[in-house]
Amino acid sequence: MNSQKPLEELVSQPYKYGFVTDVETEKISKGINEDVVRLISEKKKEPKFLLDFRLRAYRTWLGMTEPNWAKLGYPVIDYQDLIYYAAPKKSQKKQSLDEVDPKLLETFDKLGIPLSEQKRLSNVAVDAVFDSVSIATTYKQKLADHGVVFCSITEAVNEHPELIKKYLGSVVPMNDNFFAGLNSAVFSDGSFVYIPKGVDCPMELSSYFRINSGDTGQFERTLIVAEEGSSVSYLEGCTAPMFDTNTLHAAVVELVALDNASIKYSTVQNWYSGNEKGVGGIYNFVTKRGHCRGIRSKISWSQVETGSAITWKYPSCVLQGNESTGEFYSVALTNNYQQADTGTKMLHVGSNTRSTIVSKGISVGRSTNSYRGLVQMGSKAVGARNYSQCDSMLIGDNASANTYPHIRSQQPEARIEHEASTCRISEEQLFYLQSRGIGFEEAVSMMVSGFCRDVFNQLPMEFAAEADKLLALKLEGSVG
Amino acid sequence: MLATRKWLEALSSPNGVLKTVQRNGRQHLSKIGMPARTQDPWRLADLTRLEELLSLPVSSETLNSSSSEQDSLPVVPQDRFRLFLDSRSDLGSLSLPDGCRLLSNDELERFLGQTLDKCPSTTEWPIAINQASASCVLGLLISGKKVPPIEVILRANSNELMPTRLLIILEEKAELDLLQVFLGEANSAQSHLLEIHVGSDAKFTHSWLARGSGDSSLMSQISVQQDLNSEYALNFIQYGWEFARFESSLLQVDGNANSTIRGLQITKGIEQSSTHSTVRFDGPEGSFDQLQKSVISGSSHSIFHGLIDVPKIAQRTNASQLSRNLLLSDRARIDTKPELKIVADDVKCAHGATVSQLQQEELFYLQSRGIESKQATNLLLKGFCYDIFENSPVELENWINLDQLLVSLQ
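Read top to bottom, the protein sequences are chains S and R.
Numbering of the first sequence is given in my numbering, commencing with residue 1 and proceeding in unit increments.
Numbering of the second sequence is given in my numbering, commencing with residue 481 and proceeding in unit increments.
Because the hints were derived from the structure by calculation, they are not lab data.
Among these hints, one or two may not hold up.
[Claimed, not checked] Partial list, derived from the structure: chain S residues whose beta carbon lies under 10 Å from chain R: (1) 25; (2) 29; (3) 392; (4) 399; (5) 411.
Even glycine gets a Cβ: it sits at the ideal position worked out from N, Cα and C.
My request is simple: use the sequences and hints to build the entire structure.
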C-alpha cells in the first residue's frame, strides 16, 4: 500500500478564503518616513502623546536591524515599497450596522462571521478589522453595562486616553524588536479590551482580521487589560485573499493581568499561505506578550497556526506576580513551502510561578516547522515549575521538523521538565484503521486530530469547532 | 583583534610536520579575530576568559618533565599502555604495543584534517587557535582486536598554553579502549584537537577525564567519523576548570552505526563549563543515545548545547538525547539547549531536559533511615553521577576522588 501520495494530495486543498472584496479603499502612497507616520496619526485624529509615541518608535526603528536568528528564507523586504495605511473609504465608525457597506458585511458573512447581532446565536462579541481599520464592533452596549470596554484601539485612544497612555508599550516596548518597533510607529488599528475590577466578561470577545489589499502592510495592535479579579476570553481569527506577492503582517499584542486576573487568548491564524509553489502568501511577523503583573494572575495562549507563508511568532508570558500561571498551547500545520518558526517564552520572575507548554507541529510537503522556546527561571523564582512538551509529526520526507528549546535556570528550587518527540503517520496505523472499515481520509484526520487533542481541548468551544474544521479542510478537503 | 595579533606575533615560526597547518591556521585566525557575543555559539561564553587564555605563552619544547611529576600519577596496571602527549615527549621513539602503530609524517599530512572537514562544523576559533600553535601531534593506527587499553595523559604546566593534536584511525574490525586524561595546573591552558575515524565493524570505547585546578582552562574539539556497523562510545567527565569548553561533532557517514555519549560536568566557584555536541546521520538506520548531566554549585555556570541532525537520507534513525541538571546553589546558572533538526519522516527521535535540585522527598527518606543530611546529600549526588561511571573503565577511579569532589560542592 502506498499511502504517501494520497496523503500528500489530501493535505493540499485549495485556500477557500482567497477572494478579494471589491470595495473602494483609501490608501496613502508607498514608503515610510516621518511624514507618513505623522499622516497616519493625523488621519486617525490622534492626540499628541500618541504621535510622539509613534515618532519615538520610528526613530528607534531606524536604528534597528531585522532579526535573522530564526534563519527563515525570504527575500529582503523593501520597507519603502509598502503601503502603510489602507482603509475602506468613508471609514468613519458606523453608528449602526445598517450603515456599513453591504459588501463588507457580505465579506464577513462569507468568512462565517455574521456581524448582525440579531442573527448571532452564540454569545460572542466581534470586532471586525478590514485591512487596517476596525469596521464594526458588536454587542457594545451589553458589554458596557458590565463596564467592559471593547472597541477599536483608535476609539480607545480618544475615549480612554489615560488607559492607553498607561499601558500601550508597557509589555512590548517599542525597542523590543525590529517588527515591534515598526508596528509602534505605523500601527493602524486593532482591538482594545479593558475589564474592570472583579468583572467576569459576560461573553467571549472576538476580533476578526481580514487583509484585502495586496500591497499594504498590516500593522494592527491589540491591548488587553484585566484588572484585579477579572477574567476574559479573547478569540482572534485571520484570513487574507490570494495574491502572488507577499504581504507583510507585523502585529503587536499586549496583555496585562493584575492580581487574580485571568486572560485567555486564542488565535486561529489562516492567512493566505502562498500557492503550492510557494509564491505569494503573508509574512506573519508578530510579537505577542502577556505580563502577569499581579499575584495569582493567569495568561493562557492557545493558537492554531495553519496559514501564512512565513510565521515568526512567540507568544510569551512574563510571570512576575507570585503564584502566577502561564500557558501556551499550540498547533502549527505547515504545507508546501510554508515556514513556521514559532514557540513561546516563559519568564519566571516571581515565586511559585507555573507554566505549561504544549506544542504540536505538523510538517507536510516541503515546509519547515520549528519550535523555538525559552524557559527562564530567575533568581527569585523559588518553587517555580515548568513543564514543556513539543511533539512533531512529519508527513512526507521533504518536510522538516525542528525543535530549539532553551532552558535557563538560576534558582535551585525551581523545576523544569522538557520533552520532545517526533512521529509520523505510519502505514501500520493507517492499515489498522482502514482494516476496520474507516476510510483513508477519515483515518488520517483521526490521527492528526488525536495528535492535536491536547491543544484543541484548550480552545473555547466556538474556536475548537473552527480549528477542527480548518485542519479538516487542510487535511481532508471534503468539509466546506 | 589586538589580543589575537599580539598572540600570533609571539608564536615561533611554522616548523615541523604541521608547518602548513600552522601557517593556514594563523592566517585564518587573523581573519576571524576574537569570538563575539553576537555569534550564536559564543552567546553564553565568558569571553574575557578567552583573552586570558591568549595571554599565556605557548608551551615550549625545551622543558623536560621531571620524573617526580610522573611518580605522582596513579600506577599503570600491567595490561594497560600509557603514553604522554605534550610538547616535551619524544613521540617518535615510542614503542607501541602490537596492533598499534604511529602514523608516518606522510600519512599524517594526508589524513590530518580529513575527519575534521567532513564532520558537522564546530566553532572555528578554538580550531584555529590549535592549528595556529600546535606542533605536538600524534597519529595512531589501530588494527585488530588485541590492542591493550591505552591511556593518553595530557598535562599542562602552570603559566603555559599547551596545544596538542591527536589522530586515531581504527581499521576495519579493529577495537580500541582509550582513556584520555587532561590535567590542568593553576593558570594553565590546554587546546586539544582530536580526530577519530572508526572503520567499518570497528569498536571504539573512549573515556575522557578532564581534571582542572584553580584558574586552568581547557578547550577541546572532538570529530568522530563512523563507518558502517561501527560502534563509538564516549564517557566524559569534566570538572575543576575555570573555563572549559568541550565540543564534539559526530558523523555517521553511511548511517547504520551505533554511537553513545555519556557526559558529566561538575562546576563550582566561578567556573564556566560548556558542552556542545552535534551529531549528523548521512545514512539510514543509525542509532544515537546521549545522556548529559551537570552538577552546578557556587556561582558557576554550566552550558549544554546539543543538536541531532537527521537529513532526508537518514530514514529509520533512532536518536535520543537527555540533559539532566542539578542546580545546587541560588547563585549558580544553567543553560541547556537540546535541539532536533529532522527531515526524514520514518525516524524515532526524542529529547528531554530537566533542571531541579535534589528531591526533598529522597533526602527525607534517607534521613528518616538515620543517614545524616550531609551524607544523604552526598549519596544522592553520587547516585546522580553514577550513570557516567558505570560504563567507564575501573581505572578511572584511580584518577578521580568523587567523594572528595562532591563534598567540596556543598
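Evaluation of the provided hints:
| no. | hint | result |
| --- | --- | --- |
| 1 | 25 | violated (42 Å) |
| 2 | 29 | violated (36 Å) |
| 3 | 392 | holds (7 Å) |
| 4 | 399 | holds (7 Å) |
| 5 | 411 | holds (6 Å) |
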